[in-house]
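Peer 1: Chains A and B are the protein sequences, given in the same order.
Plus 1232 on top of the position in the first sequence (first one is 1) and you've got the numbering used here.
Plus 8 on top of the position in the second sequence (first one is 1) and you've got the numbering used here.
Bear in mind the hints are in silico, worked out from the structure with no lab data behind them.
Some clues are possibly wrong.
Here are the simulated DSS-like pairs of lysine-lysine, each with C-alpha atoms no more than 30 Å apart in a straight line [said to hold, decoys possible]: (1) 1289(A) with 76(B); (2) 50(B) with 1245(A); (3) 1289(A) with 50(B); (4) 13(B) with 113(B).
Selected chain A positions facing chain B (Cβ under 7 Å, derived; list incomplete) [claimed, not checked]: (5) 1263; (6) 1284; (7) 1314; (8) 1322; (9) 1337.
Each pair of labels, with its calculated beta carbon distance range [as the list claims (entries may be wrong)]: (10) 1312(A) with 28(B): 41 to 49 Å; (11) 1262(A) with 67(B): 21 to 29 Å; (12) 1311(A) with 30(B): 38 to 46 Å; (13) 1244(A) with 120(B): 31 to 39 Å.
Here a beta-carbon is modelled for each residue, glycine too, at the ideal position from N, C-alpha and C.
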Amino acid sequence: KAGVTQTPRYLIKTRGQQVTLSCSPISGHRSVSWYQQTPGQGLQFLFEYFSETQRNKGNFPGRFSGRQFSNSRSEMNVSTLELGDSALYLCASSFGQENTEAFFGQGTRLTVV
Amino acid sequence: QQQVKQSPQSLIVQKGGISIINCAYENTAFDYFPWYQQFPGKGPALLIAIRPDVSEKKEGRFTISFNKSAKQFSLHIMDSQPGDSATYFCAASMHGSGYALNFGKGTSLLVTP
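Working from the sequences, and respecting the hints, build out all of it.
Peer 2: Below is the structure:
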């Protein structure tokens, strides 16, 4: 059974640009959530999508957005990149029933220069 | 504001010893408490999880102890092995929040031979 696939694995962008990250969940999973991981702040929840609808959102500025497609694949977009957006962005998938196991991908390492 | 506080930040244990990591939370609405293990270059993987109606849960060498009145929970790793060397995160979530996990800042565990 294939795991959660995140692409690309590494990305270097210039301040002010925008970026789109992709997450393909485990087959059959309908929930995809996104997290930002940094050494200073740790793992922070960005948002969660279930059946193409955003079900919950963390405390991040509007520059961070996402969407989910009918096949449950999800994309996350960050506009007007700032140096502080450099982080490991992790996606997790699950069946969608709350408080059950969420499986994480390996993440996309974003570096903003 | 960090909703889950984790200690210690780092831990060194000899092979065969017991590793203990502690977490505390404030929000009494939290009703799901998972622990994740993360190796360098990988996404977090669920180790074990507990709900507040249980005071202890054991899976192999890993045990969660939960103290609802003190709003604390801890991870015990018995017979620690060098392969357990990783970063461990505690987390908490509440029903109605989707998959919005609130993570502790992590504990870097090193098990020496």
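Peer 1: Hint says 41 to 49 Å; check whether the CB-CB distance for residue 1312(A) and residue 28(B) agrees.
Peer 2: Holds - the Cβ-Cβ distance for residue 1312(A) and residue 28(B), about 44 Å, lies within 41 to 49 Å.
Peer 1: Are residue 1263(A) and chain B close enough, Cβ to Cβ, to be under 7 Å, as the hint says?
Peer 2: With Cβ-Cβ at 6 Å, under 7 Å, it holds.
Peer 1: Against the range 31 to 39 Å, how does the distance between the Cβ atoms of residue 1244(A) and residue 120(B) compare: consistent or not?
Peer 2: holds (36 Å)
Peer 1: Check the hint pairing residue 1289(A) with residue 76(B) against an upper bound of 30 Å on the C-alpha distance.
Peer 2: holds (27 Å)
Peer 1: Can the hint on residue 1284(A) be confirmed by a CB-to-CB distance to chain B that is less than 7 Å?
Peer 2: violated (14 Å)
Peer 1: Report holds or violated for the interface hint on residue 1314(A), using the least CB-CB distance to chain B and a cut-off of 7 Å.
Peer 2: Since the shortest Cβ distance to chain B is 21 Å, the answer is violated.
Peer 1: Is residue 50(B) close enough to residue 1245(A), meaning Cα to Cα at most 30 Å?
Peer 2: holds (22 Å)
Peer 1: That 21 to 29 Å hint for residue 1262(A) and residue 67(B) (C-beta), does it hold up?
Peer 2: Holds, at about 27 Å.
Peer 1: Measure nothing beyond the straight line between the CA atoms of residue 1289(A) and residue 50(B); if it is 30 Å or shorter, mark the hint as holding.
Peer 2: holds (24 Å)
Peer 1: Lying within 38 to 46 Å: is that true of the beta-carbon distance residue 1311(A) to residue 30(B)?
Peer 2: Because 39 Å falls inside the window, the suggested range holds.
Peer 1: Grab the minimum C-beta distance from residue 1337(A) to chain B and call the hint holds if it beats 7 Å, violated otherwise.
Peer 2: Hint on residue 1337(A): holds, closest Cβ of chain B at ~5 Å, below 7 Å.
Peer 1: Tell me if residue 1322(A) is really an interface residue toward chain B, meaning its C-beta lies closer than 7 Å to one of theirs.
Peer 2: holds (5 Å)
When held up to the earlier numbered hints, the structure conflicts with 6 and 7 and fits the remainder.
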